[in-house]
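Protein chains: 4
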Amino acid sequence: MNYQAILNEIYEELQPELMRGRVADYIPALAEVEKGQFAMTVTLDDGQVFSVGESSKQFSIQSISKVFTFTLALDIYSRELYKRVGVEPSGNPFNSLVQLEYENGIPRNPFINAGAITITDTLISHYKDEYKTLEVIMHFVRQISGNPKLSFDSAVAKSEMEHGDRNLALARLMKSFGNFENDVINTVMTYFKHCAITMNTEELSRSMLFLAFGGRDPISKKQFITPSQAKRINAVMLTCGHYDASGEFAFHVGLPAKSGVGGGIAAIVPGKMSIAVWSPALNKYGNSHAGTLALEKFTTKTGLSIF
Amino acid sequence: MNYQAILNEIYEELQPELMRGRVADYIPALAEVEKGQFAMTVTLDDGQVFSVGESSKQFSIQSISKVFTFTLALDIYSRELYKRVGVEPSGNPFNSLVQLEYENGIPRNPFINAGAITITDTLISHYKDEYKTLEVIMHFVRQISGNPKLSFDSAVAKSEMEHGDRNLALARLMKSFGNFENDVINTVMTYFKHCAITMNTEELSRSMLFLAFGGRDPISKKQFITPSQAKRINAVMLTCGHYDASGEFAFHVGLPAKSGVGGGIAAIVPGKMSIAVWSPALNKYGNSHAGTLALEKFTTKTGLSIF
Amino acid sequence: MNYQAILNEIYEELQPELMRGRVADYIPALAEVEKGQFAMTVTLDDGQVFSVGESSKQFSIQSISKVFTFTLALDIYSRELYKRVGVEPSGNPFNSLVQLEYENGIPRNPFINAGAITITDTLISHYKDEYKTLEVIMHFVRQISGNPKLSFDSAVAKSEMEHGDRNLALARLMKSFGNFENDVINTVMTYFKHCAITMNTEELSRSMLFLAFGGRDPISKKQFITPSQAKRINAVMLTCGHYDASGEFAFHVGLPAKSGVGGGIAAIVPGKMSIAVWSPALNKYGNSHAGTLALEKFTTKTGLSIF
Amino acid sequence: MNYQAILNEIYEELQPELMRGRVADYIPALAEVEKGQFAMTVTLDDGQVFSVGESSKQFSIQSISKVFTFTLALDIYSRELYKRVGVEPSGNPFNSLVQLEYENGIPRNPFINAGAITITDTLISHYKDEYKTLEVIMHFVRQISGNPKLSFDSAVAKSEMEHGDRNLALARLMKSFGNFENDVINTVMTYFKHCAITMNTEELSRSMLFLAFGGRDPISKKQFITPSQAKRINAVMLTCGHYDASGEFAFHVGLPAKSGVGGGIAAIVPGKMSIAVWSPALNKYGNSHAGTLALEKFTTKTGLSIF
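Chains as they are written, first to last, in our numbering: chain A, 8 to 314; chain B, 8 to 314; chain C, 8 to 314; chain D, 8 to 314.
Treat the hints with care, since some could be wrong.
Note: identical chains are not told apart, hence a pair may lie in one copy or across any two.
[Said to hold, decoys possible] Below 35 Å or equal to it, Euclidean Cα-Cα: the simulated DSBU-like pairs (lysine-lysine) are: (1) Lys-135 to Lys-308; (2) Lys-279 to Lys-308; (3) Lys-135 to Lys-304; (4) Lys-90 to Lys-64; (5) Lys-139 to Lys-304; (6) Lys-90 to Lys-308; (7) Lys-165 to Lys-229; (8) Lys-308 to Lys-139; (9) Lys-228 to Lys-42; (10) Lys-291 to Lys-228; (11) Lys-90 to Lys-42; (12) Lys-135 to Lys-42; (13) Lys-135 to Lys-156; (14) Lys-229 to Lys-42; (15) Lys-279 to Lys-135; (16) Lys-165 to Lys-279; (17) Lys-279 to Lys-156; (18) Lys-291 to Lys-229.
Everything labelled a hint here was simulated from the structure, so no lab data went into it.
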């Protein structure tokens with residue numbers, strides 16, 4: 008299939024959509040990103056890369072980082088992890104305290120904020136220290152992305168912390184239920200740091216490739232996790248990857264994927280490829296408006312879908 | 008692959024599990040079904056059928072019928088249907104009124120009770136009459152199952168109605184929000200009738216085959232719905248098919264599937280096959296205990312999974 | 008104290024407020040009542056009556072009737088009644104199903120719709136029959152009001168029933184929890200009938216007098232309930248009498264009182280008097296806008312308050 | 008009336024109840040208080056004091072301190088205070104985050120934890136500093152109690168803080184909604200300090216006297232707040248003073264009162280007297296078991312009630 012032609016077509020068709028939606032504006036660092044930008048990259052197992060738009064422009068991956076920390080925690084804790092976080096869709100806006108309270112401080116899944124903060128907490132417990140933890144996370148994303156220089160944007164992380172009261176409330180609530188082990192402030196800060204990792208679509212697409220191929224990066228030949236773990240992470244991306252629009256996304260796109268408020272979405276086609284798309288203006292669910300449409304067009308045009 | 012051998016293996020391995028869990032006991036007709044029974048059938052596109060256990064014993068398909076009514080309604084209304092019912096996982100026990108009230112009488116998806124009752128209501132609006140509607144539903148399940156004599160168990164339907172106050176409350180609540188068009192009692196009665204359809208695993212497996220093959224039954228060569236509609240139904244089965252354990256099911260089994268409180272589960276492997284399993288004792292989420300394990304074993308042993 | 012002068016003063020001061028707020032418009036029969044009307048009556052134990060405004064104009068007492076049915080049920084069932092309905096403020100809009108579901112079908116108090124329907128259900132269980140029950144209710148309100156010809160407006164009751172889906176849903180939900188004994192439709196219809204009783208402020212004020220005097224009407228000398236029961240009804244009026252603005256009302260007015268969406272409010276000053284006020288335009292909580300202000304002015308000017 | 012005789016009678020009748028219920032055990036300092044203790048004091052406007060039991064034994068007043076901080080804040084901010092905290096009963100367990108989230112961070116009333124923390128926050132904003140604020144609070148309670156040496160138990164406050172995650176979560180959540188002005192940790196610590204004030208029933212009874220007499224202590228002749236403010240505080244005690252059993256308390260006792268998990272309850276009879284009772288074992292709502300019964304007996308025996 009001529010993926011480059013398909014990407015070009017999508018890019019052209021989406022021009023009228025690029026200015027629609029709103030850039031995340033709860034922190035200044037994200038609010039100042041210009042609308043109208045777009046990039047999309049497809050990476051195949053043989054190393055072929057197809058891109059369109061501003062595919063070398065860095066953006067804040069935000070919640071997409073939750074896939075990487077979940078991967079690390081699953082590798083360390085295996086089934087034990089599910090004592091502290093579930094794998095069910097939340098059925099509520101992504102940062103609600105209500106469900107967390109009704110369910111005794113056990114977050115529904117690793118991709119809602121409470122769950123991702125719990126995952127960070129489990130990593131800090133394992134590595135004893137939040138600096139070591141952040142180092143391990145950065146080492147991992149540098150490996151899977153193929154870019155040894157990847158880093159996170161401290162200004163974004165700091166700004167998130169300044170507006171981080173709701174996430175701190177979530178962490179405190181989990182602590183009150185006994186589902187929190189480390190210092191609340193340090194843990195949430197570490198969470199904001201890994202959310203502030205910046206990538207471009209080429210790096211992000213490459214980073215997801217191991218999940219499309221049973222936990223093994225087909226280019227570097229490194230096996231990061233077991234095939235069974237990779238399948239399970241993909242299942243959670245499908246059912247929980249897009250906040251309260253996960254069902255819609257599965258319905259319209261039909262691929263395991265994870266979005267972030269920075270406007271990025273990373274998706275995989277099992278056994279075939281990984282895809283990253285970026286466009287900063289968000290729809291009402293907090294997912295990239297043009298990014299979601301681009302993936303829907305991609306699966307329609309290619310017939311690729313897991314269903 | 009030797010599917011018969013795999014089914015035999017699963018059947019043997021599951022012996023110690025068959026008595027675990029509880030048979031649905033909210034109505035006498037279901038409560039008297041004996042624990043310990045098990046059947047499983049795989050149907051391939053070339054008509055090959057592999058079965059194990061009591062595969063010709065009839066059971067009440069209950070909520071699995073929601074897949075068939077959703078199929079009919081989607082075919083009639085297409086996108087218009089989503090004005091009346093969503094496609095998001097519910098994140099709450101399957102018959103809760105709470106979410107329905109907060110979301111103004113629009114059920115989250117067609118597989119929770121409120122959503123399935125709405126679907127029945129849309130069918131009655133289209134066919135003008137509840138008897139005609141039931142006839143159309145029965146005609147359709149007879150076609151897809153290949154059994155022209157399939158029927159529903161009136162005693163079960165009547166018994167459900169006698170204990171149907173919660174479902175009537177759901178319907179009334181939707182009516183109070185303006186999301187209900189026909190007589191409440193008649194519509195809920197029609198819903199209970201299609202839930203009371205009885206099948207064996209061979210018929211149920213065959214009934215799902217069109218969903219595994221883009222809406223076209225590969226045996227009868229009939230195209231019931233478009234490939235795109237089939238994919239979407241599969242997506243909703245994956246994200247919403249197992250009440251509040253849909254995430255768990257996707258995580259452990261990794262196939263689009265729908266369960267019923269009669270102990271049946273119907274699943275598909277896109278492009279490959281359909282599977283039906285039945286064992287009446289349920290786990291705490293209301294899904295067949297041994298049935299869920301059987302499907303997990305099946306995907307582990309065969310390596311089949313959509314992820 | 009010169010009550011007539013005080014009422015005249017209040018009437019004059021409230022002129023600018025009479026057109027503010029909205030008349031209840033969920034049923035046509037209530038929607039067509041003209042804004043701007045006002046009446047207020049004070050009744051003392053020696054039979055003195057002071058009125059201002061349209062005090063002989065009939066209006067629909069609506070939820071105020073819940074005080075009278077609660078009185079009858081408390082007299083019949085005494086402490087047993089609390090197995091079926093509580094006495095706690097609801098902290099939620101007056102007809103919410105959410106709380107009812109979380110609390111297993113036991114309504115929080117007899118003045119929210121669910122609670123009042125339960126009370127009607129207990130009366131029908133006692134009197135065996137809904138017609139007999141309605142007769143008993145009408146006989147009671149005729150006695151306490153001193154008007155043997157009081158009746159209810161069938162057109163209003165019928166219209167309520169046509170828009171009664173939410174109340175029917177509440178009744179069904181209670182039935183699903185086992186907290187409902189009679190036919191849902193007949194019981195809710197009986198409830199709507201007693202809500203449709205019409206009175207003027209003179210009759211309504213007189214009707215409440217027995218609650219201000221330990222359960223004994225000081226004019227007719229009839230003892231309807233025990234002093235202890237009267238105190239308890241007054242306590243429930245204070246904590247639950249004004250939907251989700253009961254705290255505000257206690258705070259600003261400081262008297263046990265009950266409001267209805269027809270624009271009436273009935274209040275008592277223990278040991279001193281009863282008061283009725285009517286003005287059809289409602290504030291955002293569903294209580295008479297001018298009526299609430301009139302009572303606030305009355306307690307400020309007279310210094311009467313239970314606190 | 009012979010109050011001493013009535014107190015003696017109550018004390019005797021309650022002997023079989025004193026060991027029933029559970030002492031608050033979420034912090035060690037409260038958990039080690041011995042069950043079976045009881046004290047009750049009535050204070051009249053002429054300075055007469057009637058006591059029974061261990062009326063000079065100090066206990067932790069806990070939530071009763073919320074009455075005193077609300078008094079101070081109402082005096083400073085008047086109507087402006089209601090922008091930050093409501094006066095409605097909560098209808099939910101006393102420390103639930105759910106309602107706070109649905110109502111955008113505005114606590115329902117000053118007596119639930121969130122509301123009392125907000126009140127402390129408003130005081131710190133006014134006095135600029137948490138030490139000054141605590142000084143003002145202590146000065147006030149020393150004045151109204153007539154004991155210039157009253158203090159708080161630092162060990163209790165520290166222990167509360169160590170188990171204070173839920174209260175910190177409440178504060179963080181309010182901050183995320185913009186309804187919090189000072190440092191979260193310092194404010195919650197100040198809140199725990201005033202909750203840790205220790206009094207005996209004689210001091211506590213005396214402290215409430217000004218609320219029974221229009222804001223003026225009839226013994227010291229000091230006017231602390233206006234009569235109208237006193238009435239409003241009494242109204243909030245009646246509707247919200249006993250967590251989720253406020254309706255029950257109004258129903259059975261019929262007096263404005265406030266309870267604390269230390270086992271104390273302070274009540275007033277407007278224009279007549281103040282009453283304090285203490286018995287550390289709590290009922291299922293978190294209110295003193297024997298204390299509640301003692302007040303119910305007191306109003307039954309004396310006929311005193313506001314209704």
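Hint check results:
In this assembly of identical chains, Lys-135 and Lys-308 lie within 35 Å of each other by CA distance neither inside one copy nor across copies; the values are 48 Å within and 38 Å between. In this assembly of identical chains, Lys-279 and Lys-308 lie within 35 Å of each other by CA distance both inside one copy and across copies; the values are 15 Å within and 22 Å between. For a Cα distance limit of 35 Å, the shortest separation of Lys-135 from Lys-304 qualifies neither inside one copy, at 45 Å, nor across copies, at 37 Å. In this assembly of identical chains, the alpha carbons of Lys-90 and Lys-64 never lie at most 35 Å apart, being 39 Å within a copy and 39 Å across copies at closest.
Taking the shortest alpha-carbon separations for Lys-139 and Lys-304, neither the intra-copy value of 41 Å nor the inter-copy value of 39 Å comes in at or below 35 Å. Proximity of Lys-90 and Lys-308 under a CA criterion of 35 Å is satisfied inter-copy only: 26 Å between copies versus 41 Å inside one chain copy. In this homomeric assembly, Lys-165 and Lys-229 come within 35 Å of each other (Cα to Cα) only inside a single copy, at 34 Å, whereas the closest approach across copies is 51 Å. Neither within a single protomer nor between protomers do Lys-308 and Lys-139 lie at most 35 Å apart by alpha-carbon distance, with minima of 44 Å and 39 Å respectively.
Proximity of Lys-228 to Lys-42 under the C-alpha cut-off of 35 Å is found in neither arrangement, the shortest distances being 37 Å within a copy and 49 Å between copies. In this homomeric assembly, Lys-291 and Lys-228 never come within 35 Å of each other (Cα to Cα): the closest approach is 39 Å inside a single copy and 42 Å across copies. For the homomeric pair Lys-90 and Lys-42, the shortest alpha-carbon distance between copies (30 Å) is at most 35 Å, but the shortest distance inside one copy (41 Å) is not. For the homomeric pair Lys-135 and Lys-42, neither the shortest alpha-carbon distance inside one copy (41 Å) nor that between copies (43 Å) is at most 35 Å.
For the homomeric pair Lys-135 and Lys-156, the shortest alpha-carbon distance inside one copy (25 Å) is at most 35 Å, but the shortest distance between copies (47 Å) is not. Taking CA atoms no more than 35 Å apart as the test, Lys-229 paired with Lys-42 passes in neither setting, with 37 Å inside one copy and 47 Å between copies. In this assembly of identical chains, the alpha carbons of Lys-279 and Lys-135 never lie at most 35 Å apart, being 38 Å within a copy and 47 Å across copies at closest. Taking the shortest Cα distances, Lys-165 and Lys-279 never come within 35 Å of each other, neither inside one copy (38 Å) nor across copies (50 Å).
Only within a single protomer do Lys-279 and Lys-156 lie at most 35 Å apart by alpha-carbon distance; the minimum there is 27 Å, versus 44 Å between protomers. With identical chains, the CA atoms of Lys-291 and Lys-229 are never at most 35 Å apart, being 38 Å at best within one copy and 40 Å at best between copies.
The structure fails to meet hints 1, 3, 4, 5, 8, 9, 10, 12, 14, 15, 16 and 18 from the earlier list, while all remaining hints are met.
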